[in-house]
Amino acid sequence: MAVRSGQEAHTGPPPVVRATDVSKIYIRGSKRGRLSRLLGRSPAPRVTALDGASVTAHRGEIVGLSGPSGSGKSTLLHLLAGLELPTSGAVSIQNTPTSSLSERKRTRLRLESVGIVFQQFHLLPSLTARANVALPLVELGVSKRKRRRRATDLLERVGLEDRVTHRPGELSGGEQQRVAIARALVTDPALVIADEPTGELDTKTGQRVLSELTAVAEDRAVVLASHNDQTLAIADRVVCLRDGAVVDRYGGD
Amino acid sequence: MQFNVLGVAVAIALLVMVTGLGIGLATETTVYDDDIDYWIVPAGEGDRSPLVATGSPQFGDVHERNAEIAAIEGVDSTTPILTEVARIEHGSHSEFILVIGVIGSPGVDRVAGVDAQPLTADDPYYHGEDWTGEIVLSGGASSLLSASSGDSVTVSGNESFAVTAVDDGGGSMGEVPTALVQLSELQTLTGADGSDQADQFVVGTNDPAVAEELETVYESSSVLSRGELTASQTLDSDLPLALALTAFIISLVIGTLFVVTTTGLEIVADKTQLATMSAIGLSTRSQVTLTGVQTLSTTVLGGIVGSLLGLAGILAINEGIGRVLTVDSVALFHPLLGVYGVAVALIIGLLSLPYLFVMTRRVSGGVP
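Sequence order for the protein chains is A and B.
Sequential numbering from 875 applies to the first sequence in the numbering used here.
Sequential numbering from 42 applies to the second sequence in the numbering used here.
If we strip away everything but chain B, and leave its shape as in the complex, we get (with noise of 0.2 Å):
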């Protein structure tokens, strides 16, 4: 019996432990403010993630457009939002950095986890002042890069770049090597500023009405809420759907064979106490309820065991990123999980009955 609580709770807690981070990593990878309460995304943007926003649609016009949400009363801050992966070069270095354009406003403090303070207010560039060449590293960029403040750097091939400010503080991007400019600069990088392209808004405000109004600054646009965006880009991900699929099978192919090979060779073995039940009056019936009780208890034991094993997994994991990448979490801690957990150790012994009767039917009977 404690093989099959030991088989199940392994079985088990792999796969909360591996649903907890494709959960995790489903819902860490959209680049946000800390502070933000809304996001504007097109229509489908579930779909995508920012990281790898190549091709994808885009908000047009977006200053004037951020202009117009700014104004909006209950509105703390906003800003568009433009991702690109950049080769980014100083001296003899030369990585892929993700950069993000941003208009910086006194409200606006840290996006994907770097502070946007040091960036000039208002993306002068675009009003017709003078290029600023401000870049804002991360400290994983910063590192890659061995650049630091005041440092020159070229953002695609552009050289008139100096390294404005360099944040170690940690955030939600935690150690994806990030820089951010001024959007109207990223633009001019990439192209997009023949529309005043960006691919999001973020905005920060206490005020839930205000996302009525966020809906009609763009026809064909959503507005998600923190916890909107978490579960749309949860469903929508493919990659981490894909992840707790193959767990939540091969946890239940596993421990469905493990208990049916444990819990059989147990029936042979207590041959001789199913012939002394039969001997002394049992039923047939009567044995193969007591094997179905006695499978689905240790299961569900199993399930319990190994949903607090997952979930004492996914804290050690996210102790251990933590101190070695200096990010918040990777894997989410979730008590559903635990539900979960338990459910699929229940399917498991669900599955392995059938067998297990057969079985109890076969040895049950004779003389103890």
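The shape of chain A in the complex, shown without the other chains (with noise of 0.2 Å):
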């Protein structure tokens, strides 16, 4: 693996997702400081997530970032999968700045270009695997006979073709994971975020997600994060962050 390269050199189509010198910057503290505070009494407590990242990714591509914890790889992945808004900086999606966007907006360029894998899954706990798969296709009207279809071929390819109605808490942390895995790319979007895919899982299950993520990276663009080597070892470049800041680059040209 190439190490320390340079910025990002693709020099082909726009990348699906860019993120440029983006801040995150969090104001804690209860109401009453914040009214303490708008009186001048105390100052603004606040916690600087992320100071001036960039990363891209572009389609066909696993990008990876790695750190410690509390180094800002969970909320870099939540600004480029349009969750949250940048304090500074721009992300966009498919060309499309989110901060441009009303919170509505936002939620229909999820829908429509962003999968997303957590960590701990987040499946419904009262649907079927089949159903939570199906439920994104919903909210975008397709008939309930192509949601199914849909739903058991996507369950077929990451190896669950007998577990279609099974409820989440019937399924093993791996199987849970490939669901997760199944709901992202049901509505075929050009980013799939992951963040920590493989953090609740036993190495054996792990490398069977890591395959699935590797095959979706063919015809669209994987970010994840993670402090696993083995989990980043899949991704095409890495950029390594620390304090909310990246302090390296590897991998690609």
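No lab work stands behind these hints, which were simulated from the structure alone.
With the Cβ distance kept under 8 Å, some of the chain A side facing chain B (calculated, not the full set):
{"hint": "1", "residue": "H952"}
{"hint": "2", "residue": "E958"}
{"hint": "3", "residue": "E977"}
{"hint": "4", "residue": "H996"}
From a predicted model like this one, the values you see are computed outputs, not experimental measurements.
Idealized CB from N, CA, C, for every residue including glycine.
Fit chain to chain and form the complex, with the hints in mind.
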């Protein structure tokens, strides 16, 4: 693996997602504290989660985010997924700046362009595996028959054809994560975001999930965050974060 | 969700039981013969109960008119009814008893659940014959007075009555202590003999055509069939209406507060799920819709369970009271009460929705 290459050197089509010099500052404290601060009695306690980080991901590419806990990996992922807005800098998903969108439009953008795989799966416990996978298609107005077919196909693709009608509580951690991957792919998004996708899994199951993510990246961009070297090994490029700032990059041209 | 279903079910079950009890009480307070098909009551009669008829309009010349009614083709039996609550004394016992004056005849078998056959037919005292002093006691009255057949009793200070029979059989009046006497003799005791007065007529017939003729007996009267009287009393009686209305309002308020509180807490507890839905692209509108559907289905399910519990409760009440008081039924058991319960549950769900929508909007979004 090439180490410490320069910035992203893609010269082809524009990236699926681009974060340019993004910072994210959280203001902490109670409402009373906020009032006190407004009255100038105390300074605002600020936590800088990200400080001027930049990253891009192109179609067919897996970009890894590494760094210790509290380095800003998850915050950067949330910004790239459009779940949060940067305090400064800009994030564009398929050339659409997320800061220019209303909450409703950002949700729609996520529905159409972003698939998210969470460390703790976050499947809806009352729904079957197939219903969990098909849920985003309900929002898109896809017919029930097509939803069922598409969800079943994806569950077959991740090797869960015999778990279609099982609920999350009846599935192992690895199976749940594969259901989550199938859900992330159901709308055929251009970008897949994965936050510690193997964090809750044993080594063998984690390898299975990683091979699914590698397959997923063939025709879309994947950004995954992990502090596990084995997980990051599937990445084409890795961006290292520390204290909210990019401190190193390796891989790529 | 189970808590919501249970909470709504309890509120609806109580509503159904109280409403059934209210309607049941409203429809069981009429003095009637078990085989009677029509009542002739003074116009506007529906707004009072014969049990508390003091001062209400009455019919006059009832013996004469009773003979006219009996002559109508198709009429099997008829008697005027005069009711008074009177003090009856026997030995050291002194109780207020519902005393009903009737004209005995072969067709008039039971009045207010008490056998009228032991009374000499055709009210002899009215026709100038001797005072009979006959009195038939219900089981309850007999027990209160410790009087049995052949004992002498004093009715409203008149000592010339003797117990002709004691009827232990349960009837429509259940355990209400009741006594049957000759109509003219009760009129004499109460001063209603001057105009030969009574409160109502009960007429037994199998021919619906007689209703028209019955209406001509008195100008200001209403002829009601059993169903009409029940409906009339149910609608006109204020107490059961107040009871049912109170139960409705309390169920609505308690049910709504319960659903709002528990579902609100559930929404807060399910914040992660809502955030997940937002993350995967489900709009707030869809989440609100989901909350609405979930709330309505939960409350309707609670309504169905509650209605079934309420109807079962009515059966239990009737069974329990029947064993203790030998009454056929106190609370009304009708499938429509179940429909009513489900409808009220649906209203509870609808009333809860605005707050839950606001809660969902507030909690939705963010990072799971």
